[in-house]
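K.L.:
Residue numbers (my numbering), protein chains in the order written: chain A, 1 to 554; chain B, 1001 to 1303.
Just so you know, not all the hints are guaranteed correct.
As a list, the in silico EDC-like pairs of lysine to aspartate or glutamate whose alpha-carbon atoms are at most 16 Å apart [as the list claims (entries may be wrong)]:
id, chain 1, residue 1, chain 2, residue 2
1, A, Lys455, A, Glu435
2, A, Lys25, A, Glu9
3, B, Lys1233, B, Glu1104
4, B, Lys1084, A, Glu9
5, B, Lys1233, B, Glu1210
6, B, Lys1088, A, Glu77
7, B, Lys1233, B, Asp1205
8, B, Lys1088, A, Glu14
9, B, Lys1233, B, Asp1206
10, B, Lys1088, A, Asp95
11, B, Lys1088, A, Glu11
12, A, Lys3, B, Glu1300
13, A, Lys297, A, Asp259
14, A, Lys297, A, Asp265
15, A, Lys101, A, Glu114
16, B, Lys1084, A, Glu26
17, A, Lys3, B, Asp1242
The hints are simulated quantities; they were obtained by calculation from the structure and are not laboratory data.
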Amino acid sequence: MNKALEQMEAEVAEAMNTTPEGIQKELWQISQTPKMTATERQTAYCDAVLGWLHLRGAFYHLTARPDFEGGLYFDRERRLLLRIRSDSFLAWLADALGMNKAGRDFQFIQSAVEVESLTERSTGIEPSTYWAGRPGAVYLSSGPGHVVRVTAEAVAVVDNGTDGVLFPAEAVLPPWVLTEPANPFEACTLFREMSTTAPHGKLLFQLWALSLPTEQQTKPPLVTTGTVGSGKTRAIVGLFELFGLLPRVNAVTKGGEGDFWTELDGGGLVCFDNADTRIDWLPDALAAAATGGCQSKRKLYSDSERVTLRARAWVAVTSANPAFAADAGLSDRLLVVRLNRRTGSTAEAALSAEIVAARDAGLSWVCHTLHRALADAEAVPGGLNARHPDFAALAVRLGRAMGREAEAVAALRAAEADKSLFNLENDTVGVVVLEAMRGGESFNGTAAELMERLKTADPTLEGHLSARRLGKRLSKLWPHLVAVLGARQEPGHGGSIRYSLKPPSNGCYGGFETAFSGKSPARENIGTFAQTPFETHQTHQQAEDCLPFEVGPP
Amino acid sequence: MSKTLQQYQPEPCPHSGGGVHAWMLSTANRAARAGVSQVDAEQDILRAMTRPPSPASEVSSAVAKAYREHVGISPTYQPKPKPKPLPKTREHFIQRGREIGGSEADWFHRSPYYLPEAEPGPEDALAVLRTLWPSYGQLFVGDRYGRRVEPVRDIMARIEAGATVPPHIIPNPLSGGEHFTKDGKPSTRCDDAVASFWYAVAEMDDMSREAQLEFWAGFTSAPIAALVDSAGKSIHAWLRVDCSTREAWAQDVRQGLFGRVLIPLGCDASCQNESRLSRMPGHYRAEKQAWQKLLYLNPEAAR
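Could you build the full structure based on these sequences and the hints that come with them?
P.N.:
Pasting the structure below:
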């Protein structure tokens, strides 16, 4: 009996330590120890509590910010990662110890716990937010305690902390249940009746949405563009609802670059709504975020401490007049979904309710589609997205998993072609070049000769744009001119450069549909041309005017 | 050798009207604590009193009261504290049992000894009798007031012959002879009649039946030899304890198993004695209209 009794007592002791009863017993025993000074007793309390906390969990701190504010404790029993200074952790600890939070003994214990989180007995980590990607696996949080792990082998519910993937309690998707999968893009009216200008737009949107949990290093920003009432923002809010995220739909303001990076550092998905006004910082910040950049700045109220905010979130931008797309570098990184004005009307609440009702099945479908994509080891065609090849490869595999590989490849090709068109449409010079070339005649000549042709297309250019400035502008737009107008250049007489441009083909969306549709905002953009200065935030007219020579494309 | 009054009461009796009765009570208490016999104490007090007792029974009443209160109690006596209940630890076991599977079906499939899949009935009784005791072992299997202790083979023969399975059993083998209860009455199935200390019976009645099954599933080190559905609100767990002597039972089972483990976890404290009655599987409990079922049988009691 002795051996069995010992085993039972050991098991009870172990079980007790997973509950507050273990530490309460130990603290009571310490309190009954005679002839201890207050300091000795408090030290003994701290040792007992730290030992108990180590038994039932582990201490962590933020690798990027090893300070007391970033101290974390992962409670294995509750599968919760909490900030040690958070009210929820302190309330739990005080309750577990049976102590008043204001008591002197608890103050000692709290201090000891904070110190413990920064010792060598604590591990530096970067907590995941909402979802996480690891080589060969994707993790979607489901409430604070559970995670759905998607691998090539299976889709399974596991505990938070499995495989070292930890989600803090405040950055998890609301609980959802792995169930019979159902495609939310078919089941939900909002997604099913999305009115995209080009047929590939809907699939492109789905592929991007499916990629969200994969947490790629470089994340292509999605731009939904269209006229008023086209559902640009609603489609993105629908994605927030599908994943159960609180919609983070932000206005873009002139001085909002700091807020932009704060939002991105929060991870998950973030939407910048109505980016119609020209904002100086937006194109560069978006471009940096798309390639996994960061913003490092001085910590507030300090002289030498730095804070680094990284692009951890996927970004969606909605715009009816995407002036930011005039930046050739940014356009090259975008995925564009053009939307038409929606016909008919459905109550917002009904659309949301439908998504919420389909959430479990929808997220299960997302997981199972990702599972099939992860299991797919077949080669994928290259060159589908020059700036985001990882995204393109995953998107093709997701297309295969959906049984729509050919359409996915075509959609990615169309998107790749469309981004050049998108850039030209939204550039003050590019749109005129595009309009001039739509006459159907090829062009071969110098910048001055091209200038004359452009004046024919838009007489307001007269006196506002020099041939030299046009050459400079063409050099910035060059990759997109090559893609859309088959542009070529060759040296001419006297060191000048001769440009060769062809009319845009009808296959600008990768063969799906004519690029220049009647509802494209490009035409409205032309109308704004006269009021817009002949420069972008990247173009400094005075400086360029001083150039003593013509600058041709590289 | 008896003690003199001066040895346990140094104070002389005060004069009449000066607190004689209080001195008398004090002296009686001191005598009781000093181990002086009640008769000697009464005579000592009568001799030393400075006035006659009034009423005549004054001294004998005071002495009787003092001895009544001091019997078996040392001056430093402190009642043993009850074990602190551990409801959260118990909940932890239940939760763990739920995770690893603690339903009736789970227990049925977990049973190392093949259990009859048909409806519960006498086969359940025969299964436990066949596996847990030798055929010559003397057992009590009967109703609440039964006295008959007989060998296992005889009990099995009766059941196999079609006799009704009795409602109760004492899982520990008995001597077969008469012994005396604590009240001094002769009995064949009292604690003193237990010959071998093999099993302890544990039950709890403040939880649902499902939670009890999950609790025992989660408490993986518990050496469960059998789980019996009482057809009431509790599940009886027969724990294999294998104590060699009565003293070992007192130390390991009463103090250790029950005192430190089972009672804090919510088991019924009245189950600590070695002749504890349990429910006999295979009996139909008419008042509950349900069978006392055997849910799990493991003679090795190792999981």
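K.L.:
Looking back at the numbered hints, which does the structure fail to meet, lowest number first?
P.N.:
Those not satisfied: there are none.
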